[in-house]
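Colleague: Sequence:
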Amino acid sequence: MKQITLLFASLLIAACTFAGVSIDWMRMPDLAANKGTAIARDASDNVYTTTSTGSIILEKRNRFGDLQWQVTSSTSLPFNYEFPVSIHIDPQGNAVVVGYRHTVSSEGHFANALIVLQYNTDGGLIYKKNFEGTYSYFNNSQYWTKVSSQMDAGGNLYIGTAGSVTGYPSAGFNAIKVSPSGNIVWVSTKQFSSPTLFHFVTSMRLKGSSLGLTGVTSYSSANATTWVLDTTGTDHWNAITDGIQGKDLAFDVVGNTYMLTWISPNFSGDIALYKFDANGIQMWFKTYDFGGSDLASKIEATPDGNFAIMAYGNKYPNGSLYVDWLTLKVNKNGTLLWSKRYDTHTGNDEIPYAISVDASNNVYVTGIGGPYPGGPILSARQMVTVKYAKNGVPQWSTTLDTLSEYNAGVGIAIATDGSLFVVGSVNTFIVHYLNHSGTDVCTAPTDLSTTAITENSATLHWSAVGNAYLYHIQFKPSTSTIWQQLSTDATSYTLSSLFLGTSYDFRIEAVCTSSPTGYSAIQQFTTLGTGYCETGGLDASLEWIDLVYINTLLNSTIGSEGVGYVDYTNLSTDLIQGGTFDITLSAEMSGGNYYEVWRVWIDYNQDGDFEDSGEKEVGYKSNQIGWETHTFSVPLTATVGQTRMRVSMKNSTAPTPCETFARGQVEDYSINILPAKSLENNSIIPASSAIRVLVFPNPVTETASVAIVGQTEKLSVQLLDLTGRVLLAQEWTSIENHILSMNSYDAGIYLLRVTDELGNVATTRVVKQ
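Using the working numbering, the letters of the sequence shown correspond one by one to residues 881 to 1649.
Check before you lean on any hint, since a few could be wrong.
[To be verified] List time: in silico DSS-like cross-link candidates among lysine-lysine, alpha-carbon distance up to 30 Å:
#1 K1155 <-> K1026
#2 K1501 <-> K1594
#3 K1070 <-> K1155
#4 K1057 <-> K1087
#5 K1057 <-> K1009
#6 K1057 <-> K1026
#7 K1270 <-> K1195
#8 K1195 <-> K1212
#9 K1026 <-> K1594
#10 K1026 <-> K1070
#11 K1594 <-> K1008
#12 K1087 <-> K1166
#13 K1195 <-> K1155
#14 K1087 <-> K1270
[Said to hold, decoys possible] Label pairs and their calculated CB-CB ranges:
#15 T1583 <-> Q972: 49 to 57 Å
#16 S1089 <-> I1006: 22 to 30 Å
#17 G1047 <-> G1088: 23 to 31 Å
#18 A1401 <-> N1503: 41 to 49 Å
#19 I1333 <-> L1217: 53 to 61 Å
#20 T1114 <-> A1239: 27 to 35 Å
#21 D1626 <-> S1470: 17 to 25 Å
#22 D1369 <-> L1574: 50 to 58 Å
#23 L1574 <-> L1516: 23 to 31 Å
#24 T1583 <-> L1418: 25 to 33 Å
Honestly, the hints are just simulated from the structure, not real lab data.
Note that this is a predicted model, so its numbers are computed, not measured.
Backbone N, C-alpha and C fix where the C-beta goes; we use that ideal spot for every residue, glycine too.
Just need the whole structure built from these sequences, with the hints factored in.
Modeller: Listed below in structure tokens is the structure:
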């Protein structure tokens, strides 16, 4: 059976090249094929991230990674979705999210409204504004959609995009000013003539009173278009120059504009940079050739008056066709000061997606690349972040093998202390890096102790360490091999949501400006009450649990063979009182196909056992090597809060919850029961939806039949991979026979998302063998 590469925090493998960096914490909000899009921080270093799920999800975490709140914005229009683009923090500390509403087809997103959301510091919605219009152009079999935004010191918002705003007469490049209260102040539109009347805005930038947009205004013969106006909406100048799309722009302190593009001499590519004065007069044009085909991406002004450029390119014809990262720095005359190539993977492209510069002129770049992390997929890549000093000397690089070969860093937020928040594209994975540029040294904490132990909590204590500014806590059930890490600046911490009657290990390390100290010796404590009984197989070398997938918890237990019991209680998902859910299970076997008997129990009343009526949710016998899905309902009487789920697979005969048996395996997980009232606000759980989706056969080898229960006349259907990428988008009607072809897709797990005309959404898993 083909193993699937999946993303969850307990399996992260981090590698750091050079000294000077460590990981403070990592978080992953969800595992349900969602896409991280943006990141920002406020003056207190609270970090905000946006996630695209078809809705807009905004999360706030404090500087230690603890979730403060999560809010969701959705549209009620049939077959419409919302997509977040950027996050701003206004002068009052409110979070402002910019995005757009769109329909989906195989040609991409067609945007029909701009969205501005403002939330207060507690997550309360202050306003939601939809600015209707048409913000996509169609050319070359796809919709071209891009929205950029900037915020000034007064909290005014500026949105740049192509198209037309409803109620305003023109179409073209649009700059829209929105007041702090969410009202349009002005719309300025610039139309550029071309045979196709095509417009596409790649980027908008703001400095002082200068506002600049760049992009392309002809598809049949590509160009690089720049338009500069001011914050009153007054048009200053525009220019159409040679280039293949204006990619980005920046301003210097005297109002000169630097527009980044690329050109294609002799069917290759070179990075190109234009400089215009404050009146739009071209001052110079420079190109940069690094030996292959090089494509420009982003430009950032640096505090020392220079410019950092992010690009990517290959070495063909004198090297590989695979592209590498390129980072370079130029001065205001266009002179190349330094350049660096990140090339650590011989079997795939390495692409940067975000660049940022700190107050000391250090340059940070994040994206996807090598080195190859190992495993069966030779083209697999990792999420990569690199730091360069102001003179281009590499300071450090980090690679995170998140077990998802598609995860890329897509956003950077530099904290007030110079540390770094980075968000990944897959499932909005977040990591907080600490820069260690100081010389203070410290030692591991001592005098570890525990007080106030209850059935589900305990307070940890340790002695203060001189020079330490942070402490890391690692803890786990003594039966588990997987540590959970927390961050704090205090010398005590109360652990909550623990299991009763359970022995826990914990250890502490101090963090100072030079580096972390390493962890103290392990200490233990045991929560009050009677704990869950022991169980497991004596021999798990012939058959073992290969996959558990329930709601947002997706765990492919690669390498667990031979271990009769595995404690995965660090992994959790939410279930709702009265909700109906699917659980997908899979076995792996060695030496033959054996009949295995499966049981799944959930301790719904949280009394520390699985013996009560209704707590056995799944029971079946199978010799299948592959995925099998079963449906169950959570009792309305289930106790709200954290509890345990036990998945047991025993050879030949049925296991009991507390049995030690000869052959097979048992895995424990955490479940968080939410009250039934959450059903009305939970748009990602199909059980409460007015429609349900049934796929058979499932797993599927070529085609499957799809039945929609409760369908209306029209349905919007999307097939997504586990990164959230839309692979198929169609509209179905009630008179059609619904056949889903999977012939062109690789083996693995996919999500089929169906939306009816009333906005009801149902999602189910499709397994391709």
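Colleague: None of the hints should be skipped; say for each whether it holds.
Modeller: How the hints compare with the structure:
{"no.": "1", "hint": "K1155 <-> K1026", "in the structure": "24 Å, holds"}
{"no.": "2", "hint": "K1501 <-> K1594", "in the structure": "39 Å, violated"}
{"no.": "3", "hint": "K1070 <-> K1155", "in the structure": "21 Å, holds"}
{"no.": "4", "hint": "K1057 <-> K1087", "in the structure": "15 Å, holds"}
{"no.": "5", "hint": "K1057 <-> K1009", "in the structure": "13 Å, holds"}
{"no.": "6", "hint": "K1057 <-> K1026", "in the structure": "17 Å, holds"}
{"no.": "7", "hint": "K1270 <-> K1195", "in the structure": "26 Å, holds"}
{"no.": "8", "hint": "K1195 <-> K1212", "in the structure": "27 Å, holds"}
{"no.": "9", "hint": "K1026 <-> K1594", "in the structure": "28 Å, holds"}
{"no.": "10", "hint": "K1026 <-> K1070", "in the structure": "16 Å, holds"}
{"no.": "11", "hint": "K1594 <-> K1008", "in the structure": "28 Å, holds"}
{"no.": "12", "hint": "K1087 <-> K1166", "in the structure": "23 Å, holds"}
{"no.": "13", "hint": "K1195 <-> K1155", "in the structure": "27 Å, holds"}
{"no.": "14", "hint": "K1087 <-> K1270", "in the structure": "22 Å, holds"}
{"no.": "15", "hint": "T1583 <-> Q972: 49 to 57 Å", "in the structure": "55 Å, holds"}
{"no.": "16", "hint": "S1089 <-> I1006: 22 to 30 Å", "in the structure": "27 Å, holds"}
{"no.": "17", "hint": "G1047 <-> G1088: 23 to 31 Å", "in the structure": "29 Å, holds"}
{"no.": "18", "hint": "A1401 <-> N1503: 41 to 49 Å", "in the structure": "47 Å, holds"}
{"no.": "19", "hint": "I1333 <-> L1217: 53 to 61 Å", "in the structure": "59 Å, holds"}
{"no.": "20", "hint": "T1114 <-> A1239: 27 to 35 Å", "in the structure": "32 Å, holds"}
{"no.": "21", "hint": "D1626 <-> S1470: 17 to 25 Å", "in the structure": "24 Å, holds"}
{"no.": "22", "hint": "D1369 <-> L1574: 50 to 58 Å", "in the structure": "51 Å, holds"}
{"no.": "23", "hint": "L1574 <-> L1516: 23 to 31 Å", "in the structure": "24 Å, holds"}
{"no.": "24", "hint": "T1583 <-> L1418: 25 to 33 Å", "in the structure": "42 Å, violated"}
Of the numbered hints listed earlier, those contradicted by the structure are 2, 24.
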